[in-house]
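Peer 1: Sequence:
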Amino acid sequence: LFSERFCDVTLYCSPSFATQVGGKDTVEPQNIRGVSLRAHRVVLAACSELLGALLGAHEAQGEPVLVIDGAEPRHLKALLDYMYTGEMNVHHSQLASLLKTAEELRIKGLTDIRWNNKDEPPDSEA
1 LFSERFCDVT LYCSPSFATQ VGGKDTVEPQ NIRGVSLRAH RVVLAACSEL
51 LGALLGAHEA QGEPVLVIDG AEPRHLKALL DYMYTGEMNV HHSQLASLLK
101 TAEELRIKGL TDIRWNNKDE PPDSEA
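In full-length UniProt numbering, the protein residues as written are 1 to 126.
By construction, these hints were calculated from the structure, which means they are not laboratory data. Note that CB positions come from ideal geometry on N, CA and C, so glycine has one too. Be aware that one or more of the hints could be misleading.
As the list claims (entries may be wrong) - Label pairs and their computed distance ranges (CB to CB):
1) 93 / 59: 36 to 42 Å
2) 57 / 92: 16 to 22 Å
3) 94 / 57: 19 to 25 Å
4) 93 / 56: 32 to 38 Å
5) 8 / 103: 23 to 29 Å
6) 42 / 92: 19 to 25 Å
Model the full assembly from the supplied sequences, consistent with the hints where possible.
Peer 2: Okay, structure coming up:
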């Protein structure tokens with residue numbers, strides 16, 4: 001389902017940079033240490049009001065580059081899988097931190113998840 005064809009946004013997962021958005025002229029990818037992922041602007045905007053607002057504010061700058069501060073690359077990849085397919089595979093030990101990232105990015109459908117039992121989230125220590 002997902003193809004990099006017509007992707008018009010580059011996302012970088014980098015723990016050493018603050019979350020920022022800019023065009024290719026304002027953010028120099030060669031200076032960013034981290035993992036890059038490609039996505040479609042319309043998918044990001046449809047799945048996250050936050051990402052949609054960031055991308056909308058920088059429409060005139062051409063192809064945007066988003067640097068996501070503190071996001072684990074595997075979490076961002078799983079969230080992109082969810083945005084494109086409605087499904088994702090994640091180890092239960094990573095679930096709480098992945099949902100935290102989803103909440104920070106305001107990913108629709110994941111930010112309102114509540115634990116339905118009295119147990120702690122899977123990665124917390126009892």
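Peer 1: Now look at each hint and say whether the structure bears it out.
Peer 2: Structure-based check of each hint:
1. 93 / 59: 36 to 42 Å: holds, 39 Å
2. 57 / 92: 16 to 22 Å: Given about 36 Å between the Cβ atoms, the range is violated.
3. 94 / 57: 19 to 25 Å: violated, 31 Å
4. 93 / 56: 32 to 38 Å: holds, 36 Å
5. 8 / 103: 23 to 29 Å: holds, 25 Å
6. 42 / 92: 19 to 25 Å: At 32 Å between Cβs, range violated.
In summary, the numbered hints that this structure violates are 2, 3, 6.
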